[in-house]
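**Q** Listed below, chain by chain, are the residues.
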Amino acid sequence: MKTEPYESARYLPFGDSALLIEFGDLISLEVNRKVIALYEAVLKAAVNGVEELVPTYRSLLVRYNPLKTTYEQLVFMIKDIENTLKELRVGEGRKIVIPVAYGGEYGPDLTHVAQRHGLIEEQVVKIHSERGYRVYMIGFVAGFPYLGEVPDEIATPRLETPRLKVPAGSVGIAGKQTGIYPCEAPGGWRIIGRTPIKLFDPLQQPPALLKPGDTVKFKPISEKDFKMIEKAVLKGDYAPLSEE
Amino acid sequence: MKVFQVLKPGLFTTVQDLGRYGYLKYGVPISGAMDTVSLVAANFLVANNPIDACLEITLIGPELQALTKTQIAITGGVISTKVNGQSVPMWQTLEVQEGDVVAFGKMESGCRTYLSIRGGINTPLVLGSRSTYVRGGFGGVNGRQLKTGDIIEGFDVPSFKVEYSMPEELVPQFTDHFKVHVILGPQADMFTEKGIETFLSSKYTITLEADRMGYRLEGPIVEHKGKADIVSDALLPGAVQVPGNRKPIIIMRDAQTTGGYPKIAHVITPDISLLGQAKPNDAIEFSSITTYQAHEKLREYYKLLNTLRRMLVSKL
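In order, the protein sequence lines correspond to chains Z and R. Quick note: the first sequence, position 67, residue 67 per the working numbering, numbers continuous. Quick note: the second sequence, position 15, residue 15 per the working numbering, numbers continuous.
With the rest of the complex left out, here is chain R (with noise of 0.2 Å):
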């Protein structure tokens, strides 16, 4: 089914669901939305599974035009998004008529915006996912950004209508300066004492060079032992890897799988998809913590994602 017909399709826009696991060993890497909790949240306040794909849209938003009744959320990095005109709010449940156009303008605050739709986004599963990578060209529209003229395909969906919304205290709000924690390693023994004190006690600025694959930061140089290079191993996202510049590089979704980099750290899965909204001149900073005090902290982002649903108000 027809849903949306692209009329702009903005900075860079993609299809992405939670990812594409089990692969890596064949150099495919997860994808998937940047900033996890935003798309669980889009999916759930128009009662779909959080495993359903959405749009993300990056810094400048698309145009839209609707080619069927339907239902949408937006949710994520603040934008300002107007329907025919008329603004429209987030984190709620939204209903569109066939003709419609969605207009989103640029990012307020955050990097990362979701746009769910009622169903789901129907684009062919890849390797058991609809997430688009698109270095290596394939997953979601052609396995492309979105460029004008395309077509979004949706499910059939119930013609019974949901009507939720987030209460405003659970609303993310997303600051220019972020403040995440990692457990220190792999390599961190390939560091000086005083590479490993300056990493953690100094704020560093996130480049220009920073999108899907990863984020260059600018900063205090960080002091290798001996070498900077290792023989390739395996990375995912959230690693810190420091090569020959000695400046930090932070892996993210779509970063190739393995690299010849010391890893002198790794951001916890919560602080991940918070860094999903992190954008080029944004301020970060590290903080270590064990392996048990990450568990802890993981355990809390999965009950969240679990009950995020069932905190959305219902107003019908």
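In isolation and in its complexed conformation, chain Z is listed as follows (with noise of 0.2 Å):
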């Protein structure tokens, strides 16, 4: 794996109604920051012809319409826009507190990594709880937030055989990645926890609480909160705590 940012972005087709702009190919905050700015700039500056923009951990996606505009001219101004952005400082996002009941059934894997790592699933949970992690990007099932970076103290490697079913809310982590399952899927995450908290919302607009950019801070629970956050939340009465 190339362990640099690419020297300059790679401007590639991506068949005939896309444009893939790459950073390099890397999980890295350098590279995931140029990708977010380059997001921001390029929604801010509404190009002709654009009609999506997909930032990802290492890219950002450009869906535009051939009807509108031609690739190269695409590729013509929205190179233009990353040549302005080299002096730019970016943003570092919203700051959002996620409440995780850690362990026990929430979390049945919490039990592994602590001894996977010599510790005790106290500090674990510390560990796990004491950083801001930065969004990367959302993918894999709707609202799904990919958070980085967990440190090598806590970081363990997916399950060889991953589960059929991961319960909605689960917090699991895989390698040096941490994130959330808004809805029941198969998955092969370590499981720590869980959050009673609602991740993605298809009649909300925007329908994920979560967006590229954004940092995540997790904050142990206990199961009585769990089941009254719960509760907060299937009645529409919980409102997710940002961090000033």
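Read the hints as simulated data drawn from the structure, not as lab findings. Computed from a predicted structure; not experimentally measured. Wrong hints could be hidden among the right ones.
[Claimed, not checked] Mimicking DSSO-like on lysine-lysine, the simulated pairs with C-alpha atoms at most 30 Å apart in a straight line are: (1) 247(R) <-> 176(Z); (2) 179(R) <-> 106(R); (3) 279(R) <-> 198(Z); (4) 225(R) <-> 176(Z); (5) 44(Z) <-> 95(Z); (6) 79(Z) <-> 227(Z); (7) 165(Z) <-> 176(Z); (8) 8(R) <-> 147(R); (9) 225(R) <-> 79(Z); (10) 211(Z) <-> 198(Z); (11) 165(Z) <-> 247(R); (12) 68(Z) <-> 303(R); (13) 79(Z) <-> 165(Z); (14) 68(Z) <-> 297(R); (15) 231(Z) <-> 95(Z); (16) 165(Z) <-> 198(Z); (17) 179(R) <-> 165(Z); (18) 176(Z) <-> 227(R); (19) 79(Z) <-> 247(R); (20) 211(Z) <-> 86(Z); (21) 227(Z) <-> 198(Z); (22) 161(R) <-> 227(R); (23) 224(Z) <-> 198(Z); (24) 68(Z) <-> 179(R); (25) 69(R) <-> 165(Z); (26) 147(R) <-> 165(Z); (27) 147(R) <-> 203(R).
Starting from the two chains in their separate frames, assemble the complex, guided by the hints.
**A** Next up, the structure:
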């Protein structure tokens, strides 16, 4: 794997209606910041023919209408925008607090993660919840945030055999990534806890709670608090906290 | 307005329209009809808008009972259809009366058939579309495939009749051998020259793992230069990714929005619609064209979609 960002972004055709701009083939804050900065700048510039933008770990997908612009014209305009970005500083995004009940039935793999690293469960919880994580991208299933990076002290590879069903709200670790299952889905991430809050609701606008560039902080809660928040979420009375 | 009751659901029947655009960044796939051309034609045959929702029927059709008098049309994959036991033709407006039973048989060619209802199917708009996204559990009828007892709701429509048919020479014929055009990239440089050559010159077979999310292919291996993994980036319908087992996978409309395998090529938009009629054991061959050539084909394709309505013959 290349361990450095590309010297200059690669502009690549992605079928007949999209352009892919790659900044590197690695998970890094620097690369993802470039992606989000270009995403925000292209959005703001309202480039003719652009229909949709998809920021990921290390690239920006630009879906366009070839009846309104050509591939060459689009590349030219976006390179122009990219060049103006070099001097810009990027904001840190929103900070959102996600309450999590760790361990027990909510986090069946917490014991494994602790044992693997010679820690006790409380230490894993402390390490996992004491830092902020960047939302690198949303993918896999609707509203699933890929968060990074988990420190080596608790980084744990995926299960060898994925579970057929991981419950909605499950918080997991996969290598140096951590993430939250917005709905029940199959998956191989090591599940260490569960949040009662809703990460995705197709009836809301926008449908996902998080977006790339946001910072997530996990807050350990008791089982009692979990049940209380779960009820409030069902009634529509729960507003996710943001941190000043 | 209640239009149909589902007596038998068929193998996999869902509500689909042109798709759900603008939410890829939240992990929401585009979904929508796998064969866009047949969906649009079905709508025009009952004087609907092209964006209206239809039923997408897969391989084995449902049995529906009309709860009101209405007009319907059947397009796409060739399937025998009977109304109260009498065979009815595809690609033309049909009238059904309250109590009539519309029974579909098995697919004879192609993979997906579209049933339009005059005025369109009325399920709630979710993120701007009525398309069913089963994995996410939203859109269509309660976010899932149809089951026995479901009611299909429609809209009130004007009482005048329409009667259209598609000229025979314009009715698409589906074979079991698909020749599709691709644009190489975006990660074609991760494959050896031999790998790309193999991909473009071999015949692949669609395996049983083929659904609205994607088609896994069987055939000669496509060689990577080095690693077969990338840090995840975006996916779109039509992307051809090649994982570590070196067998291509074509991404279709319900696939996840990001993926970690290199993409050797991308099927052009008109041929994605064509592949909506591909089924397990069908053969597929890829040929590469330039972006410029692809855009010429895309303009012809949009022109076809825009002129389909004018090409219909009205019998009234």
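**Q** It remains to establish, for every hint, whether it holds in the given structure.
**A** Structure-based check of each hint:
{"no.": "1", "hint": "247(R) <-> 176(Z)", "verdict": "holds (28 Å)"}
{"no.": "2", "hint": "179(R) <-> 106(R)", "verdict": "holds (24 Å)"}
{"no.": "3", "hint": "279(R) <-> 198(Z)", "verdict": "violated (37 Å)"}
{"no.": "4", "hint": "225(R) <-> 176(Z)", "verdict": "holds (26 Å)"}
{"no.": "5", "hint": "44(Z) <-> 95(Z)", "verdict": "holds (22 Å)"}
{"no.": "6", "hint": "79(Z) <-> 227(Z)", "verdict": "violated (50 Å)"}
{"no.": "7", "hint": "165(Z) <-> 176(Z)", "verdict": "holds (22 Å)"}
{"no.": "8", "hint": "8(R) <-> 147(R)", "verdict": "holds (7 Å)"}
{"no.": "9", "hint": "225(R) <-> 79(Z)", "verdict": "holds (29 Å)"}
{"no.": "10", "hint": "211(Z) <-> 198(Z)", "verdict": "holds (14 Å)"}
{"no.": "11", "hint": "165(Z) <-> 247(R)", "verdict": "holds (27 Å)"}
{"no.": "12", "hint": "68(Z) <-> 303(R)", "verdict": "holds (14 Å)"}
{"no.": "13", "hint": "79(Z) <-> 165(Z)", "verdict": "violated (43 Å)"}
{"no.": "14", "hint": "68(Z) <-> 297(R)", "verdict": "holds (15 Å)"}
{"no.": "15", "hint": "231(Z) <-> 95(Z)", "verdict": "holds (24 Å)"}
{"no.": "16", "hint": "165(Z) <-> 198(Z)", "verdict": "holds (18 Å)"}
{"no.": "17", "hint": "179(R) <-> 165(Z)", "verdict": "violated (38 Å)"}
{"no.": "18", "hint": "176(Z) <-> 227(R)", "verdict": "holds (20 Å)"}
{"no.": "19", "hint": "79(Z) <-> 247(R)", "verdict": "violated (35 Å)"}
{"no.": "20", "hint": "211(Z) <-> 86(Z)", "verdict": "holds (23 Å)"}
{"no.": "21", "hint": "227(Z) <-> 198(Z)", "verdict": "holds (14 Å)"}
{"no.": "22", "hint": "161(R) <-> 227(R)", "verdict": "violated (61 Å)"}
{"no.": "23", "hint": "224(Z) <-> 198(Z)", "verdict": "holds (18 Å)"}
{"no.": "24", "hint": "68(Z) <-> 179(R)", "verdict": "holds (28 Å)"}
{"no.": "25", "hint": "69(R) <-> 165(Z)", "verdict": "violated (44 Å)"}
{"no.": "26", "hint": "147(R) <-> 165(Z)", "verdict": "holds (23 Å)"}
{"no.": "27", "hint": "147(R) <-> 203(R)", "verdict": "violated (37 Å)"}
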